[in-house]
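Q: Using the sequences and the hints, build the whole thing.
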Amino acid sequence: MTHASINGRMIQPKPGQTILQAAQELGITIPTLCYHPDLSPVGSCRLCLVEIEGWRQKVAACVTPIRPGMVIYTETPGLVEVRRFILSLLLRHYYDAGYGGRERPETEFEHWVRVYQVERRRDSQAQPRFAIPSDPHPLVWVDWNKCILCTRCVRACAEIQGRFVWGVADRGERAHIVAGLGSSMLEARCESCGACAAYCPTGALDDKMALGWGRPDKIVRSVCSYCGVGCGIRLQVKNNRIIRVSGDEQAPVNGLHLCVKGRYGFDYVHHPERLRRPRVRRYLLSGRSKSEATAAEREWVEVDWDTALDLAAEKLTQIWRESGSDALGVLASAKCTNEENYLMQKFARQVLGTQNVDHCARLCHSSTVAALSLAFGSGAMSNTMHDVAEHAQALFIIGSNVTEQHPVFGSMLRQAVLRRRIPLVVADPRRIDITEFATLHLQHLPGTDIALLNGLMHIILKNGWHDTRFIAERCENFEAFAASLEAYPPEKVAEITHVPVAALQRAAEILARHKPVAAIWAMGITQHTTGVMNVLALANLQMLLGNLGVPGGGVNPLRGQNNVQGACDMGALPNVFPGYQPVSDAQIVRKFDAAWALQPTLRSSDVSPTLGLAGKPGLTVTEMVHQFGTGQIRALYVLGEDLALTEPDLPHTRQSLAQGEFLILQEIFPSETSVFADILLPGVSFAEKSGTFTNTERRVQLVRAALEPMGDARPDWHIIADLARRVLARQGRYPAGPWAGWQYTSPSAIFEEMAALTPLYAGISHARLEHETLHWPVPDKNHPGTPILFVHGFPRGRGRFHVVEHLPPAEWPDAEYPLLLTTGRVLYHWHGGELTRRSMVMQLCPRPVVEIHPDDAARFGLNGTRQVRLRSRRGEMLAYVQITTRVAPGVVFGNFHFPGPNNVNNLTNAALDPVSKIPEFKVAAVRLEPVPEAC
Amino acid sequence: MAFEPVLLRHLQIPGIQHLDTYQAHGGYQALKRALELTPEQVVQLVKDSGLRGRGGAGFPTGVKWGFIPKDHPGPIYLCVNADESEPGTFNNRILMEGDPHQVLEGTIISAYAIRASVAYIYIRYEYGRAYRILQRAIEELYKHGLLGRNILGKAGFNLDIYIHRGAGAYICGEETGLIESLEGKRAWPRIKPPFPAVQGLFQKPTIVNNVETLACVKHILERGPQWFRSIGVPPDPNNPRDIGSFGPKLYCLSGHVNRPGCYELPLGITARELIEKYGGGVWNGRRVKAIIPGGLSMGFMSDQELDTPLDFNGPLKVGCLGLGTAAVIVIDDRTSMIDVLYNSCRFFAHESCGQCTPCREGTAWMTKILARIRRGEGYLDDLDLLLEIANGIGIMPGTTICGLADGAAWPVKTAITKFRAEFEDYIRNSRSRSVTLRETTKTL
Ligand SMILES: Cc1cc2nc3c(=O)[nH]c(=O)nc-3n(C[C@H](O)[C@H](O)[C@H](O)COP(=O)(O)O)c2cc1C
Ligand code: SF4
Ligand code: SF4
Ligand code: SF4
Ligand code: FES
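One line per chain: the protein sequences are A and B, in this order. Count along the first sequence from 1, then add 3; that gives the number in my numbering. Count along the second sequence from 1, then add 147; that gives the number in my numbering.
If you are wondering where the hints come from, they were derived from the structure by calculation, not from laboratory data.
To spell it out: a stretch of chain A is covered by chain B in this simulated footprint if at least three of its residues, at any positions, have a beta carbon under 8 Å from a beta carbon of chain B; those stretches are:
no.	segment
1	46 to 52
2	62 to 73
3	92 to 105
4	168 to 175
Glycine included, every Cβ here is placed at the ideal spot set by N, Cα and C.
A: Take a look at the structure:
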């Protein structure tokens, strides 16, 4: 007998399949409460009991394997009685205080109580047993009176988030869920991801922000607007307001899981400071020049769109005529969609005729893109997040605070360590959270990554652990590279990096003895004057170990912003057109000249049309800002970038912005940068527009508008196109090439144009993305996408080993500035904090802090002071003290989430990597002084 | 032929807790015999003996050992269940305190048979004396090459024994609760399958056996399975499910008797004989009202049922859950069954691990009802409600993960069906009393 039957329907049991799963396959519903497909089964609520013919006992369908020959019944009168009994037992202690209104969405538990028509019986609890709320968490609502002890929250926290906040205390009916050993959630190290609430079937744990809003009018699938992980979300909308964000169970990246920012950081969308109408400075209306304007004339005036856009177009055209294309600069945005970034670079190149287009990727992964292009010919993450989490045999994380910056991927890595028990080596100057899961933590000094990596490779080579076959067949320049490693014996490396020799040996052995190893990095590697060389060293390591082109291996830079990968892909970079087609390639330039051709052409003598673009890269962000100050750049058009928070050496940045001639800023909030703007154009948040984002693993996903724009604000693609049309009109030119026009009716039309010009994206369209997500390259309409790169070779042919040598950072502590400052972000904030400071999430990290080692606290006489002032050669910062051994003695850590005097970028060094022009955010020399309590 | 005690035989010998004395009385000869056999042969001997677990469920020990996957690369674990928390049960303590090497010898033989390389003795915290005695005995064994590597020169037979002291929960005696607790977790019983023999401690094959079961193993090796089968009760030919109850059993007799204690007798002795012949009858010249045949969770037998043989099959015939641990508690005719049942319910409600809905909520609810009845606030239909709850949480098989809920349900079911009149009288009388009382108070 090979079949079993459920309620008379035949099914062929699969190995390991439970009765419940088999029933679901047949579309038969068995009521469940403690079961959830994402969690390990416990079989404790007993609601799913079923009967099997010939068996004395009933069995729990969620945990009982189905076997051939079983004759199963799921809904007999006897079972209905059992279920009603069990639900009535659960009702004994269930107490609903009635908040949330009548329109409150029905919970899973309430559903079954209703379906089985169960009522409370004798001796049930008449009073609440617990305080409401039962925990002071600002975002997660806790009401133990509704808890039915299904332990889904306990399992969700442990198995999905890997945090182990929840447990069960006591026994019998006194058993109850506790955080930690009976503390508050936050004291028990809750990371506020909300997984417990997402999996709770009763509302005992819930999203506090959603309470009282009732049921949504609609639910829109979209993509999180925070980080490059690209989690799928469901925006629950009521009356043009997001009332709740939940994970999208169909989302390939994350399923139901989200991090704190994705789940609870959405309310900035509705913040009262949202820009609702265009603003211009009064002097623009009166025609007075900026330098002569009085304070009153510098004030903002709200105007209509025509006024604002005409003023902007007029001024851009004027400068274009007077000083030429290269007096103009465009900054695109990694927060905006692919479509908008495509338009921004098209605006720069076609309308303004300049290669001066860049965006904040300059500040995060420009060194990665440059280095990986040199080594392999392609600059993106080679494997996918799931591939790394499921198939890597060991993990090497260097310079990536992954659980705080890419939280959902961080939790996948925790799961990989917990479930598959694979070794994890973390190299980081700080004892970041993921080190708790590490087999080994190498706490090297900031700025010594090359020495560390070369030292590890030295050991690997000396032991003959390298992959000779891979090197011989797929790489080049090995000999010169191998010879260069001679200079990095463990003792010397230990001295430079402060990592003990034994740890170096052990790390090398772990990395070499497990195959494949996935190498994962982020800004800890890239934001250095040696950023490109740091990444080359990682490329060397992965070639040496033969970890490329295979599942579970690869080079895996984690991109920061939600669409920084896409913004790069779209060519919002000064050296490449969309899809990394180099501006230095004459053939490529001709292609775009033709596609975007305008009439009349600039030099009418030319036979073929030309946009007059330089065949060499334009300026980078940092350079543009600097030249804006010096007057070489006369106007900047900036999309959603807060330069006055995120650039290094902010005092200089602010000065440049203040001196600049004309700044158009397209934003959703008045920002630090808007202080310096001449025109402020209100764009919209991700929730009010459609388009696509490309996440860190090259996965292109659809963003869907869920709300009407706030006030008069307009989708950014709409604004860019409008401005382009107005400038072209004033220039007296009109579109002639096949893709030269600006009359877009929808983002999908923009995408279509982009795909036609971008081989990497050629096979993607919004229509396809409606029902799938795709990893580029996707060369044609039938291509399934490319989750893993380099399987059949490298785009440049052979992978190239580069000789890279340790170089000290541009600035190093000395007697005057004795501490080494390194910078980064914290879990609860995003980038400059422009969004998260306007969200409820802010409550979890309301103040700027710097991390200081206890030894240094003593050394600099902090003596209990709560605030300190940090000074560097460039500026100063005021922050609260957090004394912690997360940092090593001599190292302090600060973040750039807070404005003005509280921003660490007042201190950072603008020294640049010579190739990628990335600034050295990660190393600066500072000194520290306590600030007396009064101020 | 008069029955000669086996398990308790050496208890009176001074110094028997020491290895040399134990060996002088033939100790560790059985182990030597075992090591001359293959592990499979030892398993076969135990199968042949018909030995059934003494921890409560009466599962055939040899059969359980046979569930370990063949050719498993190891490690395989043996857990000695010394949590002994079933109310009324104390024979494990007597064995461990009185003759620790007998227990350890049985443990080492069994470990050999199942190819375990580590054995954990999980002992309840309150057994401090037993713990110290066992610990000392284990140290002696290491010193004399009876534990550690290549035991008694047998190449490749390695065994370490560790004692783990529990922290005081009944549920830690349930075998998978015990395993969870050993792993450092909350003792929440696991769902089965997988059974521990396939996936137990640290996900490895694991056998959990009671102390007394393991002590029996030593004697089976010493005297052979036929000897073991010569004691006790053969299978009931009318009951195809009965596989017989063989060997000696340590009956723990407590409650209202003149001579409570631990008596080693052949399986199958009747309750009446145990109480009258060995226990010296009910105290103060009273009569039996009810007995608990095998630890509280088995339910109650009435005075009409005292001729039931206390073998694995007997108590079933009079509506009890089984023989359990063969711990007989005698309740005299002056004791209120309402009080007894309230106590029983309170115990199980207190000890329910809280995992399964029926057990967590049902045990608490039953306790609440009984407390109400005792206070004089009972209703007659509370009795049916109690039966309904008992049925829903434990009498109906499969409603919970482990057997605790069954254990909570059977006392309720048997007490109410066998002593219903007493409950009804109490409810009627006490209710009118309390109503009168309340009314009086009101008028005052
Ligand atoms: C709630 C509960 C408590 C138990 N407590 C004990 C105990 O204290 N000691 C014991 O040996 N078995 C106890 N058992 C039985 C064990 O689960 C297991 O069946 C036994 O240890 C197996 O050993 P055996 O086959 O040698 O009897 C308990 C079972 C349940 C359901
Ligand atoms: S809080 Fe919710 S998820 Fe957690 S045990 Fe209670 S009902 Fe289940
Ligand atoms: S991990 Fe990133 S994409 Fe996912 S929810 Fe968090 S911030 Fe959003
Ligand atoms: S039956 Fe009771 S004691 Fe056993 S696992 Fe379930 S709740 Fe725990
Ligand atoms: S859903 Fe199966 S026991 Fe809870």
